[in-house]
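Under our numbering, the residues of the sequence shown are numbered 882 to 1189, in order.
Quick caveat, the hints were computed from the structure, so don't treat them as lab data. Just so we're clear, the structure is a prediction, and the values are computed from it rather than from any experiment. For glycine and all other residues, C-beta sits at the position ideal for the given N, C-alpha and C. Don't take each hint at face value.
Computed Cβ-Cβ distance ranges for the label pairs, DEER-style [said to hold, decoys possible]:
1) ILE959 to TYR1124: 16 to 24 Å
2) ASN1071 to LEU949: 20 to 28 Å
3) ALA1059 to VAL902: 28 to 36 Å
4) GLY960 to PRO1100: 20 to 28 Å
5) GLY915 to PHE944: 29 to 37 Å
6) ASN1002 to ILE1175: 23 to 31 Å
7) GLY1127 to ARG1045: 31 to 39 Å
8) ILE959 to GLY915: 27 to 35 Å
9) LEU949 to TYR1155: 30 to 38 Å
Straight line, CA to CA, 20 Å or less: simulated SDA-like cross-link-like pairs of lysine to any residue [stated by the list, open to error]:
10) LYS1041 to ILE1053
11) LYS1096 to MET1048
12) LYS970 to ALA1109
13) LYS919 to LEU906
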Amino acid sequence: MAVLSLIFLEVIAPLLILLAVGIILQRKFSLQLGTLSKLLTYCFLPVNGFINMYQSSMPLAVFGQIILFLLLFTTFSIGFTEITSRLFKLERGVAATYKNSVVLMNSGNYGIPVSQLVFQNNPLGVSIQLIVMVYQNLLTFTYGLYNMVSVKAQGNAILKELIRLPMIYAIILGVLCASFHIDIPIVLWNPIQSIADAFLAVALITLGAQVAQIKLQRPHIVLYLSTAARLLIGPAAALGIIYLLGLDGTVAQSLFIASSFPTSRNSSIFALEYNNNPDLAAQTVLMTTILSSITVTIVVYLAGILFG
882 MAVLSLIFLE VIAPLLILLA VGIILQRKFS LQLGTLSKLL TYCFLPVNGF
932 INMYQSSMPL AVFGQIILFL LLFTTFSIGF TEITSRLFKL ERGVAATYKN
982 SVVLMNSGNY GIPVSQLVFQ NNPLGVSIQL IVMVYQNLLT FTYGLYNMVS
1032 VKAQGNAILK ELIRLPMIYA IILGVLCASF HIDIPIVLWN PIQSIADAFL
1082 AVALITLGAQ VAQIKLQRPH IVLYLSTAAR LLIGPAAALG IIYLLGLDGT
1132 VAQSLFIASS FPTSRNSSIF ALEYNNNPDL AAQTVLMTTI LSSITVTIVV
1182 YLAGILFG
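Based on the sequences and whatever the hints tell you, model everything.
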């Protein structure tokens, strides 16, 4: 219990405080979330991605292990939601919202800050989470969007969205600079480091501002199902896959923690944009974000015991 309390105080409590700051600021000043989102997507995330890939050393074999894990984990998540949506005889629109709420995780402005706190002196741990985030972005604009719209109507739009993601290019640039041992001039390194240092606070304050806009409605059975699948069944399945692949150390620890993050806000954005049960999607984001303060604490603790 003492270790759990320590993890909560050192990892989750700072996260919750920054979330609370975001909620208070949003309620008081009605922040421009579009501007904050663009700052994160086109400035803070790419710079943070570059600096972590530049400072870490990831063998090709480790990268392959990460991708294999992610493919197996996604296959399980999609299969699980397909089966359960049929068992519960969910209406097509509700089923699409449910699937996205389980498969799409908040690996960006929730996952990366958590990883930075857990792996403060281990760039590899954060780099793995960055790869997970890029993978989740790809999944969001393929599987997630296809759940809401037809392939024919949105194929080109999806491709354009993926090409526009600067994080992909930042990670590639970071890997190339590290591989060829390119020294970054101090005149560039100092501002890069300053932006990277500010990422955690900006990301969590933005997430708090987003959460402040979500309103709770009468609970739907799918809300409970989505929450259980995302926060409990997901990490349990991830643990099984980790053992199946024989992963250990930082790789296993980081992937196990990455599997426990709450539902991505993108699932709520898609539901709102295409008018597909937006209230249910928003409630799932809020519920999983709140309860993850407990479940992520436990997963971080277990990851340290099993793979630390």
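Going straight from one Cα to the other, do LYS1096 and MET1048 come out at no more than 20 Å?
31 Å, violated
Take a look at whether the Cβ-Cβ distance between GLY1127 and ARG1045 falls inside 31 to 39 Å.
About 37 Å separates the Cβ atoms of GLY1127 and ARG1045, which means 31 to 39 Å holds.
Hint says 20 to 28 Å; check whether the CB-CB distance for GLY960 and PRO1100 agrees.
26 Å, holds
Straight-line alpha-carbon gap LYS1041 to ILE1053, limit 20 Å:
Between LYS1041 and ILE1053 the Cα gap is close to 19 Å, so the pair holds against 20 Å.
Pairwise beta carbon distance, ASN1002 to ILE1175, judged against the given window 23 to 31 Å:
The hint (23 to 31 Å, Cβ to Cβ) holds, given that ASN1002 and ILE1175 are roughly 26 Å apart.
Starting from the hint 16 to 24 Å, judge whether the C-beta atoms of ILE959 and TYR1124 obey it.
Since ILE959 and TYR1124 have Cβ atoms about 21 Å apart, the given range 16 to 24 Å holds.
Need the status of pair LYS970, ALA1109: alpha-carbon distance at most 20 Å?
Holds, at about 18 Å.
Outcome of range test on Cβ distance (ASN1071, LEU949; 20 to 28 Å)
38 Å, violated
If I claimed the Cβ atoms of LEU949 and TYR1155 lie 30 to 38 Å apart, would that claim hold in this structure?
Check passed, 32 Å falls within 30 to 38 Å.
Given a hinted range of 27 to 35 Å, is it respected by the beta-carbon distance of ILE959 and GLY915?
Because 30 Å falls inside the window, the suggested range holds.
Would you say the C-beta atoms of ALA1059 and VAL902 sit inside 28 to 36 Å of each other?
34 Å, holds
Given hint LEU906 paired with LYS919 - CA-CA distance at most 20 Å
Between LYS919 and LEU906 the Cα gap is close to 18 Å, so the pair holds against 20 Å.
When each numbered hint is compared with the structure, violations occur for hints 2, 11.
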